[in-house]
Amino acid sequence: MAHIELKGVSKSFAGVPAIRDIDLDIADGEFFVLLGETGAGKTTTLRMIAGLEKPTTGRVWIDGQDVTDWGAAARDVALVLQQYSLYPRYTVRQNLEFPLRSPIRPIAEAEIATRIAKVAATLRIEHLLDRKTDRLSGGEMQRVSIGRAIVRTPKVFLMDEPLSALDAKLREALRGELKSLQMDLGETFLFVTHDQVEAMSMGDRVGVLNKGALVQVGSPQEIYGNPVNTFVARAVGTPAMNLLTGVWAGGRAELGAMVFDHPGGQGAAGRGLVFGVRPEDLVLGGDGVEAVVTDIENHGVEKIISLSAGGQALRATVPVTVKFLRGDTVPVGWQAARVVVFDAKSGQSLRHGG
Amino acid sequence: MAAVRTKGEMLRHRLSIISLLVILALFLAPIFWITATAFKPRNLATTVPPTVFFQPEFSPFVKLMTKRSQLRSAPTAEVYNAAPWWEQTVFDGGEKVVRSGKGEVQLSGFPSRFLNSLIIAITSTVLAVGMGTITAYGFSRFKVAGEDDWLFFILSTRMLPPVVVAIPMFLMYRVVGLNDTHLGLIILYTAFNLSFSVWLMKGFIDEIPKEYEDAALVDGYTRMQAFFRIVLPEAATGIAATAVFCFITAWNEYAFALIMTNKRAQTAPPFIPSQVGSGLPDWTVIAAGTFLFLVPVAIFTFLLRNHLLRGMSFGAIRK
Ligand SMILES: Nc1ncnc2c1ncn2[C@@H]1O[C@H](COP(=O)(O)OP(=O)(O)OP(=O)(O)O)[C@@H](O)[C@H]1O
Ligand SMILES: [Mg+2]
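First to last, the protein sequences are chains G and P. If you count the first sequence from 1, position 314 lands on 314 in this note's numbering, and the numbers rise without skipping. If you count the second sequence from 1, position 138 lands on 1138 in this note's numbering, and the numbers rise without skipping.
If you're looking for bench data, these hints aren't it; they were derived computationally from the structure. The structure displayed is predicted, hence computed values, not measured ones. Any given hint could turn out to be false.
[What the hints assert, rightly or not] Far from chain P, some chain G residues (derived; all Cβ distances over 12 Å):
#  : residue
1  : A18
2  : T56
3  : Y84
4  : Y90
5  : P99
6  : A149
7  : D160
8  : L170
9  : D184
10 : V197
11 : K211
12 : G272
[Unchecked claim] With a straight-line cut-off of 20 Å between C-alpha atoms, the simulated EDC-like cross-links for lysine to aspartate or glutamate are:
#  : chain 1 : residue 1 : chain 2 : residue 2
13 : P       : K1143     : G       : E53
14 : G       : K132      : G       : E97
15 : G       : K132      : P       : E1234
16 : G       : K132      : P       : D1180
17 : P       : K1210     : P       : E1147
18 : G       : K323      : G       : E302
19 : P       : K1143     : P       : D1206
20 : G       : K179      : G       : D21
21 : P       : K1210     : G       : D195
22 : G       : K169      : G       : D195
23 : P       : K1263     : P       : D1180
24 : G       : K345      : G       : D328
25 : G       : K211      : G       : E53
26 : P       : K1096     : P       : E1147
27 : P       : K1210     : G       : D25
28 : G       : K7        : G       : D25
29 : G       : K169      : G       : D130
30 : P       : K1210     : G       : E222
31 : G       : K155      : G       : E290
32 : G       : K54       : P       : E1211
33 : G       : K323      : G       : D295
Cβ atoms here follow ideal geometry from the backbone N, Cα and C, with glycine treated the same way.
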């Protein structure tokens, strides 16, 4: 168990910046998720914490020690790689033994056997122990990769998209397993993903990376309900947050032909704005702006309704029991208190000083 | 394999087998010829048409290994009876030769030449493959300033035909005293094979995911340990293929061996043809020498055949 700190960490590859001045503090025993699109710098960040890559500037602290100049072996972290973390020549058992036989942290034979048995039971891979790893399915490989990390008792666990190669169902199952595993172990996890559902459902806290910069760090609720800018607003939530350009005047938001009540927009007057409203915060029925239903998607527990109002497209979620037909005209309102207002130019949320 | 074949496929299948047999016959004919001649009595070696069925003998190998001198007439009964069984096979062939020296067996030049070949080819192969693997690993895994230029430079050492540098090399070797030494040829063959080894091994090592070592580093191993425990076993196929190539090149090398050595460190390739020139050529002896010369390559290749099949495809069917 340990806490991780990145202080002003930047990384460039041949002069091209990959990570820009990241400050990050991950508490002891926390499940922290780093969310970012491909190329955002997720793997690079993990590799710097693991000691496989040296930051161009900035310091890395683990467990209260500045480990920036330490080698990977000395840092005592476990890393589940995005791919290729198992040795094809070895059996599952040999793969699991490999981290335990490291010369710098010798462990007694009996202890090795006990630990492998325990991990195999936890991950339900006992029947695979004597199989070569190139004879495993994708899901089994992922389990063994995770097993390779948890047989040790490292200071932190780093996981680079360990679930990305799996199909949806298995992914969901393993997601739950990993989360409960972390809670059982009580260890610090840094989990990296490009999948916002994974991030929101697993993380105690989530950090959003955009082009190498850490844009926002917070609980999933904060990230979802109070995104710091339009990038984060787009990055999380399905369907995505409705982002409507307009202006604010006299307690009302004027979005082209649409006008909504929006009290309390102090500091919002007289500049271009983007109003962000989550699909579930749109209210259909009652009074409001007239909108036409253009499409209906049924998702079992809820429906996603696509609307067109005043030339702008909107998406709303409603319970399945609410009945609409394509072409219907419905009045649309919003829950003003939940609306996030962004500056149109900078994209920054006004609540976060935009 | 699908058991069902159409008529056209059957025909094509037969045709390809027939053409394979023809090609095989073409390639194996010289080897058969040499092998047959190596076991023939001398008087059957040069018959026209060639003798295909005969009683195989060891006498060519006996003549190859021991020093002998020519007699005017067949050996006397006294000499014949005193000779060991292997020597009697020579006399049985009706040859008028006798062992040199006063009774004790004197080895001919061949065994030492053969041993020289083994020492030089094996040592230079181990060196070239070892150094090549380490160099290739460095080029593959680390940023090397001017990497492409270095690699091209390494390759360029192979671009000049060896004969072009043979004379200057000979002069240089004479000055430093490396002429006719094992070390001299070992250095030459190692240098010659090294570029090849670096390039081949770089290809193989590039194919091994870096992540394997990253995982080992994080798990508490040093880079050296990761290299020996993970990279080398993964590269075994490539190492085997490279070793066979290097060994065959060094084993077969003729031009430098001819120029640089004459006695002490001479290898088999220049020695075997030199026997043609001394008196009436005994083709059975030359064939026996050639036959023995083929054996190590055959054994070496056979031992590594599983690796070779995968290695020769240059990683195309790995995983
Ligand atoms: N060794 C390297 N040399 C040069 N550029 C690199 C190197 N590693 C990463 N980069 C660059 O740094 C940026 C971040 O890469 P990184 O692998 O961290 O992204 P990622 O967020 O993990 O993406 P993905 O989701 O695709 O895995 C990318 O633009 C990438 O091209
Ligand atoms: Mg990545």
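How the hints compare with the structure:
The claim that A18(G) is not at the interface with chain P holds, since no C-beta of that chain comes within 12 Å of its own (minimum 16 Å). Every beta carbon of chain P lies more than 12 Å from that of T56(G), the smallest distance being close to 14 Å; the non-interface claim holds. With a cut of 12 Å on Cβ distances, Y84(G) falls inside the contact zone with chain P, its closest approach being about 4 Å. With a minimum CB-CB distance of about 9 Å to chain P, Y90(G) fails to clear the 12 Å threshold, and the non-interface call is violated.
Non-interface status of P99(G) relative to chain P is broken: a Cβ of that chain comes within 12 Å, the nearest being about 4 Å off. Once the 12 Å rule is applied to beta carbons, A149(G) is inconsistent with being away from chain P; the minimum gap is 9 Å. Some Cβ of chain P comes within 12 Å of the Cβ of D160(G); the nearest lies about 10 Å off, and the non-interface call is violated. Distance check for L170(G) against chain P: the nearest CB is about 22 Å away, which clears 12 Å, and the non-interface claim stands.
Against chain P, the non-interface label of D184(G) holds: every CB pair exceeds 12 Å, the least being about 22 Å. At the 12 Å boundary, the C-beta of V197(G) stays outside the reach of chain P, the nearest C-beta of that chain being 26 Å off. No Cβ of chain P comes within 12 Å of the Cβ of K211(G); the nearest lies about 24 Å off, and the non-interface call holds. With a minimum CB-CB distance of about 47 Å to chain P, G272(G) clears the 12 Å threshold, and the non-interface call stands.
This hinted pair checks out: K1143(P) and E53(G) have alpha carbons roughly 13 Å apart, not beyond 20 Å. Our distance criterion of 20 Å between C-alpha atoms is met by K132(G) and E97(G), whose separation comes to about 14 Å. Proposed proximity of K132(G) and E1234(P) is supported: the alpha carbons are some 14 Å apart, at most 20 Å. Between the alpha carbons of K132(G) and D1180(P) the distance comes to roughly 51 Å, so the proposed pair goes past 20 Å and is violated.
In summary, the hint linking K1210(P) to E1147(P) is supported, as the alpha carbons are separated by about 18 Å, within the 20 Å threshold. Simply put, K323(G) and E302(G) have alpha-carbon atoms about 11 Å apart, close enough for the 20 Å limit, and the pair holds. Restraint check for K1143(P) and D1206(P): the C-alpha separation of about 13 Å stays at or below 20 Å, so the hint holds. Distance check on the hinted pair: K179(G) and D21(G) sit about 29 Å apart at the alpha-carbon level, beyond 20 Å; violated.
The straight-line distance between the Cα atoms of K1210(P) and D195(G) is roughly 25 Å, outside the 20 Å bound, and the hint therefore fails. For the proposed pair K169(G) and D195(G), the alpha carbon gap of about 14 Å is at most 20 Å, so the pair holds. Taking the CA atoms of K1263(P) and D1180(P), the gap is about 7 Å. The hint holds against a cut of 20 Å. Straight-line distance between C-alpha atoms of K345(G) and D328(G) comes to about 35 Å, which puts the hinted pair past the 20 Å bound.
Annotation: proposed proximity of K211(G) to E53(G) holds, straight-line Cα distance about 18 Å (limit 20 Å). A distance of roughly 65 Å separates the Cα atoms of K1096(P) and E1147(P); the hinted pair therefore is violated under the 20 Å criterion. Taken as a hint, the K1210(P) and D25(G) pair is broken in the structure, with Cα atoms around 29 Å apart against an allowance of 20 Å. In summary, the hint linking K7(G) to D25(G) is supported, as the alpha carbons are separated by about 9 Å, within the 20 Å threshold.
Simply put, K169(G) and D130(G) have alpha-carbon atoms about 26 Å apart, too far for the 20 Å limit, and the pair is violated. At most 20 Å may separate the alpha-carbon atoms for a hinted pair to count; K1210(P) and E222(G) exceed this at roughly 38 Å. For the given pair, K155(G) sits about 57 Å from E290(G) by alpha-carbon distance, which is inconsistent with the 20 Å threshold. For the hint pairing K54(G) with E1211(P), the CA-to-CA distance comes to about 16 Å; that is within 20 Å, so the pair holds.
Pair hint K323(G) plus D295(G) holds up; C-alpha atoms about 12 Å apart against a cutoff of 20 Å.
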